[in-house]
Each structure stands twice: as C-alpha cells, then as structure tokens.
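Peer 1: Protein sequences appear in the order of chains A and B. Under our numbering, think of the first position of the first sequence as 9, with each following residue one higher. Under our numbering, think of the first position of the second sequence as 0, with each following residue one higher.
The hints are simulated quantities; they were obtained by calculation from the structure and are not laboratory data.
Under the rule of at most 20 Å between Cα atoms (straight-line distance), these lysine to any residue pairs were calculated in the SDA-like manner:
1) 206(A) to 217(A)
2) 38(B) to 321(B)
3) 239(B) to 223(B)
4) 239(B) to 224(B)
5) 263(A) to 253(A)
6) 44(B) to 151(A)
7) 418(A) to 408(A)
8) 44(B) to 147(A)
9) 44(B) to 324(B)
10) 44(B) to 142(A)
11) 44(B) to 322(B)
12) 239(B) to 147(B)
13) 239(B) to 217(B)
14) 239(B) to 151(B)
15) 44(B) to 321(B)
16) 234(B) to 218(B)
17) 44(B) to 144(A)
18) 44(B) to 143(A)
19) 44(B) to 397(A)
20) 44(B) to 137(A)
21) 239(B) to 31(B)
22) 44(B) to 148(A)
23) 339(B) to 138(A)
24) 44(B) to 138(A)
25) 234(B) to 147(B)
So, partial list: chain B residues that the calculated Cβ filter (under 8 Å) puts toward chain A:
26) 165
27) 176
28) 180
29) 185
30) 262
31) 265
32) 269
33) 270
Bear in mind the structure is a predicted one, so any value in this text is a computation, not a measurement. Every residue, glycine too, gets a C-beta built ideally from N, C-alpha and C.
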Amino acid sequence: MASFVIRRLIAAFFVLLAATFLMYMLVALSGDPLEELRQGNAPNKEQLMDSLSARLNLDVPPYLRYFLWLGGVSQCFVGQCDFGVNVQGLPVLTLLEQAMGSTLQLVTSAQIIAIIVGLIVGITTALRQYSGYDYTITFASFLFFSLPVFWVAVLLKQYIAIGFNNWLADPVIGIPVIIVISVVSGLLWMSFLGGAAKRRLITLGVATASTAVMLTYFELTNWFSTPNVGIVGVVVTAIAAALGITAISVGLANKHAVRGALVTAAVGIALYYPMIYFVFPGMGMPLFLALALGAVVGGGAIGYFFGGRDRWQSARTSAIGAVIALEGFLMYWDAYFNSSRITGRPIATIGSSTPNLGGNFWIQGIDTFTHLLLPTIAIILISFASLTRYTRASMLEVMNQDYIRTARSKGLTQRTVVVRHALRNALIPISTVIALDIGALIGGAVITETVFGWSGMGQLFLGGLHDIDPNPVMAFFVVTGLLAVVFNLVADLLYASLDPRIRVS
Amino acid sequence: MSELNSALQDPPQGGGPSDETTIEQRQTVGLSQGQIVRKRFFHHKGAVVSMVVLTFVVLLAYTSVGLHMFGISIPGWWQWHWNATPPLVNSGVPTMSLIPGPGFGFGPHPFGQDQIGKDIFALVMRGAQQSIMIMVLVGLVGTGLGVLIGALAGFYRGIGDALLMRFTDVIITIPFLVIGAVVGRAVGGFGAPVLGMFLGLFAWTGLARLVRGEFLSLREREFVDAARVSGASDKRIIFKHILPNSVGVIIVSATLLMAGAILAETALSFLNLGVQSPDTSLGVIVSQNQAAFATRPWLFWWPGVFIIVIALTVNFIGDGLRDAFDPRQKKMPSPKALAKALARRARDARASK
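Could you put together the complete structure from these sequences and hints?
Peer 2: Next comes the structure, spelled out in structure tokens:
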C-alpha cells in the first residue's frame with residue numbers, strides 16, 4: 009500500500025513538472041505581452057515597456073523563465089511560496105488566496121446540493137426503471153449535459169433574477185397559476201413515488217391538494233412580501249423531518265428511534281421562542297456554528313438516551329435546527345429587501361456581495377445567499393446530469409445482483425433491501441466519481457464565474473491569459489493540477505478500501 | 000442470471016421460464032455483428048430521432064448560406080449573406096410565424112435581424128457551419144491520434160507504453176478549457192478549421208487510455224496468437240485483427256468527444272478565446288449579443304438553441320451507439336413486450352394442444 013502511494017506520488021510529481029513546463033510555454037508563446045503598450049501611444053512608452061520587462065523577466069527566453077518561476081514555487085517546500093507577480097506588480101500568491109476563497113464559497117454549496125439531488129434522483133430513477141419518470145429524467149439529464157453554461161446563465165439572470173424581482177414588487181400568484189403548479193407537483197410526486205394505479209391516484213390527489221393549500225395560504229397571508237416560517241411552520245417541518253428521516257434510515261417500525269426523533273423535534277420546537285428573542289439578534293458566525301454543533305450533539309444525545317438498536321439515527325433529525333435558523337434569515341428579509349442598496353430587487357445577477365451593505369450576521373447571510381443563488385443553480389444543472397446517470401447505472405447494476413434477490417427472499421422490506429443492501433454497495437463506484445468531481449471543482453467553474461462576475465480562480469486564469477502573463481495562469485494550474493492528482497489518488501485508494509475485491513498494487 | 004433480472008423487475012408477469020432470454024436470442028439469431036448493432040441502434044428511438052434531426056441541421060446549415068472556405072465559394076439557396084445588412088423589416092423582429100392565420104410563413108427574416116440589419120438566420124447558419132466543422136475536426140483528429148497512441152502503447156507495452164501513458168497523463172492533467180484557451184488564443188485568428196485541428200491535437204487523451212486498455216486485453220486473445228503464428232505482421236495484426244474488435248469503444252467515445260467538443264468550442268468562443276471575429280461561430284454570436292437580451296432576445300435564443308440541438312443529438316446518438324455495441328447489454332423488455340411474449344406463448348401452447 010505504502011509503496012503504491014509513493015510510486016504514484018513520484019510519478020505524479022514528474023507528470024506535474026512536465027505539465028507545468030508545457031503550460032508555461034503555451035501561455036508564454038501565445039502572444040506578445042508588450043503588444044498593448046507597443047501599440048498604445050503613451051508618451052513614456054519605452055519606459056513602461058522596460059519596467060514591465062524587468063518586472064516579469066521578459067528579457068529571459070520563456071524556457072529559461074520557466075525555471076525562474078519553478079525556483080520561486082519550489083520554495084513552497086520551505087514555507088516561502090513565491091508565485092511571482094502579475095502585470096500590475098501584485099504578488100500572485102495573495103491573489104491566489106483570495107481567488108481560492110471566493111471560488112470555494114461559490115462551488116462548495118453547489119456541489120453538495122448537486123451530489124444530494126443527483127444521488128436521490130439517480131436512485132429513484134433506478135428503482136422506477138423504464139417508467140415515465142425514468143424517461144423524463146433521462147431526457148432531462150441529457151439536456152442538462154448538452155447545455156452551454158454561459159447561455160443558461162443569461163437565461164437565469166433574465167427569468168429567475170430579473171423576472172422574480174419584478175414579480176416581487178407585486179407578488180400575486182393568481183388562481184390559474186395555483187392550479188397549474190398544484191397539478192404539476194401532483195404529477196411529479198405521483199411518478200416519483202410510483203406504485204399501483206390506486207396508490208398513484210392517491211398520491212396525485214394528496215400532493216395536488218396539499219400544494220394548492222400551501223400556495224393559497226402563501227397567497228392569502230401575503231407570504232412573499234413578509235416571508236416567515238412561524239411556530240406552525242416549525243412544528244410541521246420538525247415533525248415531518250423527524251418522521252421522514254427515521255422512515256428512510258431505520259423505518260417507522262423501530263419505536264425507540266421514532267420516540268427519540270420526536271423528542272428531538274419537540275426540544276427544537278420548545279427552543280423556538282427563546283432563540284428568536286434572546287439569541288438571534290446578537291448572532292455571529294462562531295455562535296452560529298456552535299449552535300449548529302450543539303443541535304447535532306444534542307440530537308445525538310437524545311437518540312442515544314432513547315436507545316434502541318440504532319442509537320445514532322436520532323442525531324440525523326437535528327435538521328430541524330436548520331428550520332429555526334431559516335426563520336432568523338427570514339426575520340431580517342424585510343430589512344434587507346428595503347435597504348437602500350437593494351431597493352426591492354433582492355436576487356443579484358453579478359458579483360459575490362453587495363458593496364457597502366452593512367447589517368448584522370443575518371443580513372450578510374441573506375446577501376450571500378441572493379448572490380450565490382444563480383451561479384449555484386447553473387453549477388447544479390451541469391453536475392447534476394452526470395451524477396444522476398452514474399448513480400442510476402450503479403444502482404441498476406447492484407439491484408440485479410443475486411444477493412439482492414436473496415435479501416428479498418428473506419422477507420426483508422423494500423426499504424431495508426434498497427437502503428441497507430443495495431445503496432451501500434452502489435455508492436462505492438459513485439464515491440470515486442464524487443472524489444474526482446471534487447478534485448475538478450476549483451478549476452471547473454471558470455465559465456460560470458466569468459458570466460456571473462465572480463472574481464475567483466476563473467478570473468485569475470483568464471486575466472493572466474489575456475495579459476499573456478504566465479504567473480497567474482500557472483498559479484491557477486498548480487492548484488487545479490495538484491488537486492486533480494491528489495483526488496485521483498484518493499479515488500483509487502477509496503475504491504480499494506471500500507471494495508474488498510480490489511487490491512492496490 | 001438474466002431470468003432473475005426480469006423476474007426481479009417484473010415479478011407478476013414472469014413466472015414461467017425466461018421470456019427475456021428467448022426474446023433476445025430470437026432477435027439476434029443468425030445475424031452478423033454489424034446487423035445486430037444496426038438493429039439495436041435503430042431500436043433506440045432517441046438515437047434515431049436524433050440522427051434525423053442532426054442530419055437536417057447539418058444539411059440546413061451547409062446548403063442555406065453555401066460553402067465558403069479555403070477560397071472556394073459556393074452560394075446557397077438563402078438570399079442573404081451573413082455579413083449583408085439589408086434594411087430592417089419590422090424593426091428586426093423575427094418574421095417567422097408558424098401559427099396559421101395572417102403572416103403565416105417564414106417571411107424575409109425568419110429568425111429576425113440585429114440592430115444593423117444582419118439576417119440572424121444566415122448568421123446562425125454560418126455559426127452552425129463553423130461549430131459543426133470544429134466539432135467534426137476535433138473528433139477526427141482526436142480519435143485518430145487517440146487510436147494511434149493507444150494502439151501503439153497497448154500493443155507494444157514496455158517502455159514505450161510507459162512513456163506514452165505518462166505523456167497522456169501530462170496532457171490530461173491540464174484541463175481542456177485551459178488548453179483550449181491557450182490554443183484558441185494562439186491560433187483562433189487563423190479561422191475555424193485551424194482551431195479545430197489544433198484543439199483535436201489535445202483531445203485524444205481519454206480515447207488513448209480506452210484504446211490502450213482494449214488492446215492490452217485483446218492482444219492476449221487466441222485469435223491474435225493465431226494471426227501471429229500464420230505470419231501476420233504487427234501492422235496487420237493491429238489494423239486487421241485487433242482494431243476491428245475495439246471499434247465499438249472507439250466509435251462511442253469519439254461521438255461523446257464530439258459532443259464535448261462543440262460545448263468546449265462555443266464556451267471558448269464565448270470567452271473570446273476561440274473563433275475570432277469577423278469569423279463567427281455559435282458561441283461568438285451568443286457572446287456578442289448577450290447584452291441585447293432584453294431588447295432583442297432572438298439574437299440570443301437561436302444560436303443557443305442550435306448549440307443545444309447539436310450537442311443533444313450527438314449525445315443521444317452516442318448513447319444509442321453505446322447500447323448497440325455493448326455485448327453485455329441486455330435491454331430489459333418493457334412490460335408491454337413481456338406481455339406480448341406471454342400472449343404469444345399462450346397462443347402457441349393453445350395451438351399445439
């Protein structure tokens with residue numbers, strides 16, 4: 009094992025070395041960095057050109073300049089990285105740190121949501137193979153796979169942001185729209201849950217009716233102008249989350265688990281008013297994280313106390329903590345919505361935050377959310393497609409195995425067969441796909457970042473390319489290349505450790 | 000095994016001996032490999048529809064505004080050149096109306112005009128031409144190089160294999176967008192064909208790995224030994240014996256490579272790193288017109304729709320080819336097919352009684 013890792017790392021080191029050289033030459037030879045100055049008519053043209061040449065060592069031929077760059081970067085091994093300076097003379101290392109932070113903020117939540125949604129949709133399509141739902145999702149994932157992200161981004165800006173903002177000025181849904189949305193959601197739930205004709209009809213009816221009731225409630229209470237969850241919302245969501253998560257993870261037949269989950273939900277509900285009035289106004293990031301951790305630990309403790317065979321499932325129901333936090337964000341929605349920088353148009357189309365906004369933790373949180381919304385949707389659309397296909401294929405493969413038939417013939421419930429026997433094995437190949445995806449994350453959002461004016465890794469890369477300045481481009485490449493190599497290795501090791509049939513050698 | 004599968008999928012209808020195996024066997028008995036593949040491909044509805052649509056798009060793009068490259072100029076049947084600026088009709092709103100009634104028909108500018116009067120139909124057709132050409136060139140060059148490198152590495156193994164594969168690793172480590180941006184910046188000004196060929200020079204890596212894998216396993220098979228014993232040269236073994244056996248893998252990934260290529264090219268052109276103005280491509284049109292979305296949305300819709308249609312159809316064709324070439328592929332018969340088979344068997348049983 010150790011020798012496998014070491015051999016792989018040594019090979020990767022030389023591969024990266026060669027790739028950086030190739031990359032450096034490609035960038036350096038792609039044009040003339042002085043051309044803009046040469047063609048300009050600044051009076052001190054000569055002087056500017058000389059200073060730029062001196063700053064970027066342009067008098068050294070590229071194949072030797074590469075070694076200058078390499079010398080600077082290799083100082084990373086002694087803790088003094090030197091990625092050189094860009095055209096403006098700013099140290100690239102500082103730019104790189106900012107860009108990485110910004111890009112991580114953009115892609116992390118998007119990737120997590122894409123993984124969750126992709127897994128759920130992939131599993132359900134595999135379970136409903138050759139149904140209308142399966143065909144619809146298959147077509148949708150092919151469509152998403154073929155979407156040019158820059159094109160989708162403009163559509164999102166137009167319809168989600170500008171359209172939604174316009175609509176918010178006078179948020180009226182209207183009865184025909186309510187009917188259409190309700191029926192569509194009913195049909196979605198019906199094809200999603202499947203079953204025999206009678207069950208399908210019941211699902212259709214229940215889903216349509218409940219969606220209609222919810223929308224009417226929103227409409228009547230003018231919810232979209234003054235969004236809030238309220239104590240009723242918290243109670244309903246908490247109990248539904250408790251029961252739903254228990255049903256999927258251990259099944260409702262496990263009385264201990266159900267009791268533990270419900271008690272956790274009750275504690276969360278009891279904490280609602282104290283939290284709203286005493287804790288939330290002074291909220292900051294450390295406190296927020298501490299509370300989230302506290303919710304998880306508390307939920308776990310309750311679940312453990314109530315015992316049963318699965319002591320840990322109760323911790324999973326602490327998702328209700330998130331509902332209370334959501335209320336915090338919604339409480340300040342008004343303040344955000346009407347602030348002078350926003351002026352009633354909350355969904356942002358560009359940038360990563362509203363300049364000079366001010367406000368407390370919640371307002372800043374809302375601001376980040378409204379800026380993240382569109383790029384996140386764009387990223388999800390793209391990565392959702394391939395994840396769904398992989399999950400579906402892997403799940404189908406597993407569901408056709410003999411041991412699944414054995415599990416069924418033992419009389420296990422559908423839930424146990426799918427979640428315990430099939431899903432865990434289906435996740436093995438998917439885990440490597442996800443590992444590779446994460447490796448490609450930082451460098452993969454260049455176009456999305458550009459379209460949404462997000463100053464991250466993409467800007468670093470494209471800016472350097474535009475200026476024919478290898479230093480920023482190489483900083484981008486060192487990070488993405490390293491991540492790709494490392495996560496390739498992680499994927500291999502993960503596969504070997506999860507699947508006992510595979511041995512690394 | 001396959002009986003179990005169908006039993007698992009459709010427990011109520013199953014019951015007797017396997018329906019699926021018999022249906023599958025009946026479908027393929029006495030057919031050549033090519034016939035089986037063709038038959039399976041034409042059973043994939045999405046792929047067949049996609050092929051028809053793609054053919055239509057390609058014909059439309061190449062006949063409408065004609066062929067103009069390498070100094071050759073063949074005019075098409077469409078009246079406007081993509082650079083001509085006829086006077087604005089109806090302030091540039093698309094004249095196409097497919098709703099029966101007054102104004103039904105294509106009109107002089109079916110896709111509308113931009114602010115200076117350029118005909119968007121001609122422009123989009125020209126863009127589609129360039130994008131399709133780049134896609135095909137990337138596919139051809141990438142596939143050719145990938146097959147060559149993969150075949151050499153997989154067939155000869157040893158030090159050459161190790162070197163070639165490390166070289167592949169070097170290229171694969173660099174994201175395609177990065178290579179595309181650098182290449183596009185360097186040669187984008189020379190026009191679409193040159194750009195396509197240069198992009199293809201870097202697009203072979205995935206294919207090379209696949210082909211190498213195929214060759215590594217196929218070269219150990221008996222038919223290769225037989226060919227070698229009967230005195231076939233390496234060249235003959237590679238091209239006449241092993242390559243035809245890995246053609247399925249190659250065709251499928253070449254198709255998917257092309258679908259990726261058109262998205263990559265349009266993205267590069269959108270970033271001003273691919274095809275350079277005055278030459279045009281679908282990505283360039285979107286890029287030039289994204290600001291006009293609020294006032295002239297048709298400038299933006301049509302090139303995007305063509306990108307999606309081309310990428311989607313190529314993806315579907317690739318999927319159909321994958322299904323067709325996969326020897327392990329057992330298409331589970333739909334409940335309808337199963338019911339039909341059951342009914343047929345019941346009829347046969349009654350008849351024989």
